[in-house]
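Residue numbers (my numbering), protein chains in the order written: chain A, 1 to 473; chain B, 1 to 270; chain C, 1 to 199.
None of these hints come from the bench; they were simulated from the model.
A portion of the hints provided could be inaccurate.
[Claimed, not checked] Selected chain A positions facing chain B (in silico; Cβ < 7 Å):
| id | residue |
| --- | --- |
| 1 | His-58 |
| 2 | Gly-119 |
| 3 | Ala-412 |
Beta carbons are placed, not taken as given, at the ideal position from N, Cα and C, and that holds for glycine.
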Amino acid sequence: MTVNETNKIDASCRVPLLVLFGGAAMWLVLGSVLALAASLTFHMPDKFGDCTWGTYGHLQPAADNALLYGFCIPAGLGVVLWIFARLGQTPLRGALVPVIAAHLWHLGVLVGLVGIFVGDSTGYAWLEFPRGGSALLFFAYMLLGLWALMNFSGRREGGMFPSHWFLITALFLFPWIYSMANIMIVGWPVRGVVQAVIAWWFGNNLTFLWTSLIGLGTAFYFLPKFSGRPLHTYFYALFAFWTLIIFGSMRGVPIGAPVPAWLPALSALNSLMLLVPIAAIVVIGWKTIRGGTGQACKGGSYCMIKFGFVSFILSALLLVTSACSHFSQLTQFTWFGAAQTQLQLYGFFTVTMFGAIYYILPRAVGIEFAFPKFIRLQHWLAMTGIILFVAALVIGGVAQGLKLQNPDAAFADSTKAALPFLRASTMGLMLMLLANLLFALNVFAMIGAWKWSLVKTVFAAVIAPLNKPEVKA
Amino acid sequence: MKNGFVIFLAAFGVLLMSWSTFVLLPQLQLGGAKQVAVLNSSDVYPVNRPGEANQGLQVYRANGCAACHTEQVQQTGVVCEVVLTSAGKNPSVVSNLVATLKLRSLTEQEAEAAAGKITAAGGKAETHVIATGADIARGWGLRRSVAQDFLYDNLVQLGSLRVGPDLADVGRRRPDANWQLLHLYAPKSVVENSAMPPFRYLFETKKIGATPSPDALILKKEFAPAAGYEVVPKPEAKKLVAYLLSLHTDVPLYDAPFTALQTSTNAPAK
Amino acid sequence: MSNEPKSPGPGTEPTASRSHLPMWTLVVLLTLLYLGSIYFDHHSGWFDKQVYSPYGTAAELELYQPKSGAAAAAAQGRKVYESICGTCHGNDGLGKPGQAPPLAGSEWVIAKGHNRLAHIPLAGISGPLSVNGKEWNMAMAAMGAALSDADLANVLTYIRGSWGNKAGEVTADDIKGIRASLAGHSQTMTYDMLMAMPE
């Protein structure tokens, strides 16, 4: 591919990416603010008692959904569009449709979040959005997925790279699980506890499997690119892909759930089996990075992708612990679960997306970031924030669980035991909020610069002297 | 894997397996469930909640109570206990025997053996089945929660975090509606060091009319409104309390057996 | 993407190298699958929808069902029947030709009164006898004479309520009374003697 062709491919994705990433940055910041507010309700519960919007039960689901649906999915879809175009060496055509779809997606997120605050939440984790919001999201995703697949099938470069498997599977995964979950829980609810089983299946497949597929597909694209070495190896990646989707999709029911024993037992079995893809993925990352160009960690895209990759390994290992019934019983209703989820969604997926977006956006728009120094600062803030958050809540969760499992300890002791760790996690959230603000600042500044360049282009065209032939007097 | 269609088939196959296991099979097994018989009784379980309590479930859902409370009692074991019901014709022989036997925390086989020895000595013994676990020791329930408990719930609010105590059996251990209302309005007034936010918007503070409302909450001084005002629960608060009081899982079922004792205790859980 | 494992410079598209997958991946996969299957075997109840943890199997769950009086008696009766009577009359109650007549649907078992029935195991029976329209001519020892009142009562209650039989229970007191009336007479029953007594 020549430089010219690469530029054309990047430019073809420009507007869809700006809409997708711009909206995503906005929801990321909003989600951080809501998460911080939710965390504060534990330190001063009395302050929020007069307003229904101020309760934890409204703030936390809103924060979670803003992160996952507002940032993670649109950012992921944008990265997929660009990677497909680059790998297939084919520019994205008919960009108007993805642009409209991206706007529809963000509208759906807005409708969903408002729905949570006015009391229409379904009460199921990751499925809280009421029907109007979820219908918009489904439709928008189908359009974006369709456009990515069309670009893939019409590609000039026919070969396939391992990232393709991961990303294509993720494209199919979401519509299936989202439609099933919404139909069988929200639309025509099935009876009783089956709703909960479907919700667990959906939650696992979305927050673990979908994010892992997109995040790993992205990492497997960028790691060899940055390190200058080939991905190690095609067959390791194939093995990781198969074992990840088989075992990763067959887990999610917590131990002790009010369902027949085979469901938690099967989940535990497959959680244990996750060790297999994790091992393969560790080898892939290690051998691809090591001995490569090894640019010193300057806080840029390469750094972020590497940090995200390590976070994935840790997050998946935390999931493997759910296979041990004693440990699982200890941590099951504690902050431990929240720590693992945030490590997966923020530490792994969001930071990987940061790395990808910082690489992609300047090339797609043709303008450099306005505040390049903030990139490194943002990375350190995000890294410190998520490490603080996760470490605090893992330890806090175990402390809480130990008190819960001890019937002689009063219940209030368990919340007291977790409180200092909650305070630390609130500080972590503040650092993450700062990081997200810096990211959003750079993205919005780029959008502004692009719009300004559009204005300048139009203005220049308007006042340009016309090329008309000399009027013969 | 050379082309997109192969990947699609792979993904489809795996997703189909996952869907069949976690969506289709549970729906086939549990989706058509009906009321079942309570052990050693002619009652059926569960009984659908009265209308106000069902509306209370929606209030519970809309306020995100499931974000802090769970509704699923855990059980980690089961033991048997042998209880002497009659000393028979030779009370001294039987009581000497009983003094030598281990009668608590037995497995089923051990309990049968001990009961057999007592019967052989002329006495009569009963084997009681007791569920064990941290939740049960804490008084949060008499047995684990099973699918049957949620038969009539739409939408099921299992919860996943215990910032507050488990509520599956709260109707049994906190059956007082007034306590529940006070707890919702000012949790710290009834539970010291409570982390629960006060849900004051479920109540109305209004001027006392000609006579005080019968509904008005009787609050401690530091939580009471200004003089001349009273706190009255709104309909949502009443529905929510009706729902909370309807939460019972204290009957033995085939899936989660235990020997129901005749005496009940109203002692509040820790 | 080309298949050659040469490293691309940054700024070009990534490639994947093609060396083969080492054996350890498969070994780890199979080992974990094996260990996991053992766990699943012990903890899953094998897809039985009534088995919840802590119970591991349906049989274990059945063990812990609180036994009411009637259920306990039937369980005991079945145990005794299968150890003593089932060898000849069959655990399925269908009897064995040339050995013992069937009990399932037998007019002697399901008769309204249990008097004649109780005499058979207590005193033994010999000589021609018709059961369900078939002629039998065998000899049965007093197999129930050595059983306690309660055990024999449970056995008779059990056979009167199994294999489609629907007749009333027999109590230990009933057996006590009949035993007392037989005291001192060690006479094996015959058809005529049975018909001479009330049902």
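Subject >> Hints the structure fails to honour >> reply: none
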